[in-house]
Amino acid sequence: DTGVSQDPRHKITKRGQNVTFRCDPISEHNRLYWYRQTLGQGPEFLTYFQNEAQLEKSRLLSDRFSAERPKGSFSTLEIQRTEQGDSAMYLCASSLRGADTGELFFGEGSRLTVL
Amino acid sequence: GESVGLHLPTLSVQEGDNSIINCAYSNSASDYFIWYKQESGKGPQFIIDIRSNMDKRQGQRVTVLLNKTVKHLSLQIAATQPGDSAVYFCAEYTGNQFYFGTGTSLTVIP
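Listed in order, the protein sequences are those of chains V and E.
The first sequence: position 13 = 262 (my numbering), numbered continuously.
The second sequence: position 82 = 1405 (my numbering), numbered continuously.
FYI, nobody ran anything at the bench for these hints, they're computed from the structure.
Just to be clear, a hint being listed does not mean it is correct.
[Unchecked claim] The list that follows gives simulated cross-link-like pairs (lysine to any residue, SDA-like), each with its CA atoms no further than 20 angstroms apart:
1. E:Lys1365 to V:Gln290
2. E:Lys1394 to E:Ser1408
3. E:Lys1365 to V:Glu352
[Claimed, not checked] Here are the computed distance ranges between Cβ atoms for each label pair:
4. E:Gly1339 to V:Gln266: 47 to 57 angstroms
5. V:Arg264 to E:Lys1391: 44 to 54 angstroms
6. E:Asn1419 to V:Gln333: 29 to 39 angstroms
7. E:Ser1349 to V:Ser307: 16 to 26 angstroms
Using N, Cα and C, we set each Cβ at its ideal position, and we do this for glycine too.
Working from the sequences, and respecting the hints, build out all of it.
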């Protein structure tokens, strides 16, 4: 499978715990995006990388959220001290050129449930 | 943030009929738009796109119409099939990012 891969697909955690999600983009895609999606809503942009540089992070929801892409390949999204309001689907997408070329490919998401 | 909204949250159509899904966007500076389809438990899947210098674009069984005067997009699906049942999102591209609307749930009745 050469699509965008996300892991884990499902995560159940207790409030206050830290969680980390991993995204493996399509190989050779240098742009990587994280979105959050709550039930019945469209994806909400969080942050994006071009290679290893995080070019936009002002939309990360709080300082409990952080993302890395250390070698310009896979990326991780970490949520510290999770809250029930963090329960959502976290989507990763990648593109080779800019997102405005239509070539933005999404993974199947990591669903987080905070108890 | 940007506001992208849909007129109808749900739509039911008979198999074989045409479907029309509408979307309003708020930023007149947005210059690129995409329609995505999202099936249950899956990530959004690209359907069709259109740039602001166009009014209409056709794909296979799908057509997107853009009315910049009233900031309105529509997605037309011809001969709707059961496999078209999904949530459909429009997204506008502005400020180097996409902003998605709430989505319309399309149900195709066999």
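We went through each hint and held it up to the structure:
no.: 1; hint: E:Lys1365 to V:Gln290; result: holds (14 angstroms)
no.: 2; hint: E:Lys1394 to E:Ser1408; result: violated (26 angstroms)
no.: 3; hint: E:Lys1365 to V:Glu352; result: holds (17 angstroms)
no.: 4; hint: E:Gly1339 to V:Gln266: 47 to 57 angstroms; result: holds (50 angstroms)
no.: 5; hint: V:Arg264 to E:Lys1391: 44 to 54 angstroms; result: holds (46 angstroms)
no.: 6; hint: E:Asn1419 to V:Gln333: 29 to 39 angstroms; result: holds (32 angstroms)
no.: 7; hint: E:Ser1349 to V:Ser307: 16 to 26 angstroms; result: holds (19 angstroms)
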